[in-house]
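Novice: Chain by chain, the residues run as shown.
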Amino acid sequence: MLKDFVKGIWRENPVFVQVLGMCPTLAVTTSLINGLSMGLATTFVLIASGLAISSLRKVIPDQVRIASFMIIIASFVTVVKLLFEAHIPTISTQLGPYLPLIVTNCIILGRQEAFASKEPVSRSLMDALGMGLGFAFALVVLGSVRELFYQGTIADVEILGSWYKSMIIMVQPAGAFISLSILVALFKKLSSRG
Amino acid sequence: MKQIMKMVLVLTVLGLVSGLVLSLVSNYATPIINENNREAIKEAIFYVLPKTEDYEVKTIEGKDIYVTRDSEGQVNGYAFTASGSGYQGTIELMVGVNSNLEEIQGIQVLDSSETPGLGGKIRGGNFKNQFRGEDASGGVSLVKSAPTEPGEIEAITGATISSKAVVDIINKGLDQVQEIMGSGE
Amino acid sequence: MELFFIFVAIVLTQNFVLHYFLGICPFLGVSDEMEAAFGMGIATTFVMTLTAIITWNINTFILEGFGVQFLEYVSFILVIASLVQLVEMFLKKYVPELYKTLGIYLPLITTNCAVMGLALFMVLRDYNFVQSAIFGFGAGVGFTLALIIMAGIRSELMEEAIPEPFRGTGITLLTAGLLALAFMGFSGLVPV
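Residue numbers (the numbering used here), protein chains in the order written: chain A, 595 to 788; chain B, 736 to 920; chain C, 2 to 193.
Simulated from the structure, these hints should not be mistaken for laboratory data. As the structure is a computational prediction, the values presented were derived from the model and not from experiment. Among the hints, a few may not be true.
What follows is a list of derived Cβ distance ranges for each label pair [as the list claims (entries may be wrong)]:
{"no.": "1", "chain 1": "B", "residue 1": "N769", "chain 2": "C", "residue 2": "E98", "range": "45 to 55 Å"}
{"no.": "2", "chain 1": "B", "residue 1": "I767", "chain 2": "C", "residue 2": "F5", "range": "16 to 26 Å"}
{"no.": "3", "chain 1": "A", "residue 1": "I682", "chain 2": "C", "residue 2": "L99", "range": "41 to 51 Å"}
{"no.": "4", "chain 1": "A", "residue 1": "G704", "chain 2": "C", "residue 2": "V131", "range": "48 to 58 Å"}
{"no.": "5", "chain 1": "C", "residue 1": "E98", "chain 2": "B", "residue 2": "T747", "range": "48 to 58 Å"}
{"no.": "6", "chain 1": "B", "residue 1": "V743", "chain 2": "A", "residue 2": "M761", "range": "52 to 62 Å"}
{"no.": "7", "chain 1": "B", "residue 1": "N864", "chain 2": "C", "residue 2": "G66", "range": "41 to 51 Å"}
{"no.": "8", "chain 1": "C", "residue 1": "L190", "chain 2": "B", "residue 2": "N864", "range": "25 to 35 Å"}
{"no.": "9", "chain 1": "C", "residue 1": "T61", "chain 2": "B", "residue 2": "G808", "range": "35 to 45 Å"}
The calculated DSS-like cross-link candidates involving lysine-lysine, where the alpha carbons are at most 25 Å apart (straight line), are [unchecked claim]:
{"no.": "10", "chain 1": "B", "residue 1": "K798", "chain 2": "B", "residue 2": "K863"}
{"no.": "11", "chain 1": "B", "residue 1": "K879", "chain 2": "B", "residue 2": "K907"}
{"no.": "12", "chain 1": "B", "residue 1": "K856", "chain 2": "B", "residue 2": "K777"}
{"no.": "13", "chain 1": "B", "residue 1": "K879", "chain 2": "B", "residue 2": "K863"}
{"no.": "14", "chain 1": "A", "residue 1": "K712", "chain 2": "A", "residue 2": "K652"}
{"no.": "15", "chain 1": "B", "residue 1": "K879", "chain 2": "B", "residue 2": "K899"}
{"no.": "16", "chain 1": "B", "residue 1": "K777", "chain 2": "B", "residue 2": "K793"}
{"no.": "17", "chain 1": "B", "residue 1": "K777", "chain 2": "A", "residue 2": "K759"}
{"no.": "18", "chain 1": "B", "residue 1": "K899", "chain 2": "B", "residue 2": "K856"}
{"no.": "19", "chain 1": "B", "residue 1": "K907", "chain 2": "B", "residue 2": "K777"}
{"no.": "20", "chain 1": "B", "residue 1": "K879", "chain 2": "B", "residue 2": "K856"}
{"no.": "21", "chain 1": "A", "residue 1": "K712", "chain 2": "B", "residue 2": "K741"}
{"no.": "22", "chain 1": "A", "residue 1": "K601", "chain 2": "A", "residue 2": "K782"}
{"no.": "23", "chain 1": "A", "residue 1": "K759", "chain 2": "B", "residue 2": "K879"}
{"no.": "24", "chain 1": "B", "residue 1": "K737", "chain 2": "A", "residue 2": "K652"}
{"no.": "25", "chain 1": "A", "residue 1": "K759", "chain 2": "B", "residue 2": "K793"}
{"no.": "26", "chain 1": "A", "residue 1": "K597", "chain 2": "A", "residue 2": "K759"}
{"no.": "27", "chain 1": "B", "residue 1": "K856", "chain 2": "A", "residue 2": "K712"}
{"no.": "28", "chain 1": "B", "residue 1": "K786", "chain 2": "B", "residue 2": "K798"}
{"no.": "29", "chain 1": "A", "residue 1": "K652", "chain 2": "B", "residue 2": "K741"}
{"no.": "30", "chain 1": "A", "residue 1": "K782", "chain 2": "A", "residue 2": "K597"}
Per the computed footprint, the stretches of chain C lying under chain B, defined by three or more beta-carbons under 8 Å from a beta-carbon of chain B, are [said to hold, decoys possible]:
{"no.": "31", "segment": "71–77"}
{"no.": "32", "segment": "133–141"}
Glycine residues also receive a C-beta, built at the ideal position from the N, C-alpha and C atoms.
Let's have the full structure, built from the sequences with the hints guiding it.
Specialist: See below:
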């Protein structure tokens, strides 16, 4: 059980190792808080649809598997989007269309196919929790790095001091690709050693 | 045949349950979302016309105009939204003018996707405050150095296109409002 | 003129892949070979154009018509999934040669966030029918362009001695970063 949980965070990290869910990873990580909210929203959808699909796995016929998964996932995403818009409107605006795009996040459909549709509810829960938090972890790291080098802050707390000149490229598309590239390489180096 | 029946049944039930749950959540969330949007508009109006105590919406020729009143109940100005193309996408502004439509009282950026750190600075106080009390009888114009004439706005360094876009949007909106308010009275 | 601006903007200045980060998974996955990249690009462009046309109608006449916008995501994703399936069946039956080339890429398009993103952007921007169709087609062309450029660069990179940790994903992302930087040169080309 614990293994199902831990693998998602490090050894099979969805972003750094499996390179999945790239769209939100690159698009919303302009600051720590954005990365964190996207990570948690995705985790919620992963857990909720994992639970639903795992408990319905014996009822859903194989041929309409994907369509059924899509309905379930898209419904939970709509719930998240409506709740975000109602209770944290600023974050909802910041994430923009990338919040509903959780629907097509390959991590979610991937986990349902690979895990939740085959395994019992309890194991699917641990798997979804691990993968979700692993995704959130990656987004937080990338968000912090980009925010730090953009304006010298992390979560709006000044780290580098006022001498730091802001690097606009870090919050632009090019900066996103380049920072993620360096992080992926770093992660590979670290995990190959350990 | 039995297999197909089951497929159709599962999909229908899933669709129905999904529709039901979503309509419940939507019924719960929509009023709060509308309230949030009203709140955002209200905040922007109070920002562009600082002396405002209360306001009402008047729709003239399809355009929403917010008529604002000060603490003595006098009309102290009008606020309206205006939008147009920026450098990266649409910019939406709230513009406040005094009661004879000749002086800008303030502007607020409601929505923009301009480059952070460059065009994004149109959201900053340094740029927005230039518009406070600016003579707008002949529209505002953009200059690249410190303004000398009334109605002149200094562009943000490195973001001339975004600054120009804001000025153009304001002028266009102002023209439209002056025209419909003029003909209405 | 306005339609032309929409097209140029979505192909160059606001390229789906390099500006909005949409469709990154296939961008990283199938850009290692020119032929595959081209096939994927064409198949996606086809599905995107159709998606734009169909989701516009659904959104205007059903979702807005009946005031059930909360079903937006569910209905869009179902449209895309069934569209992909239909295109697959159609090609298999009537254009088998084309199916042989594109077949393997088609199922991947369902989870390509560029297609779903396209439908969402259309609604957000309040495009009319013709604008939507142009937008959908342009988004596909932009996606294909990015994929082909990337495939070209990657085939050159194969010969190079890349430091171990950067091999694979690392160098591809780095290249994408430089491409995004190059595409920034297009910004301001047309009003958006």
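Novice: Which numbered hints turn out to be false for this structure?
Specialist: The structure breaks hints 2, 4, 5, 17, 25, 26, 27, 32; every other hint is satisfied.
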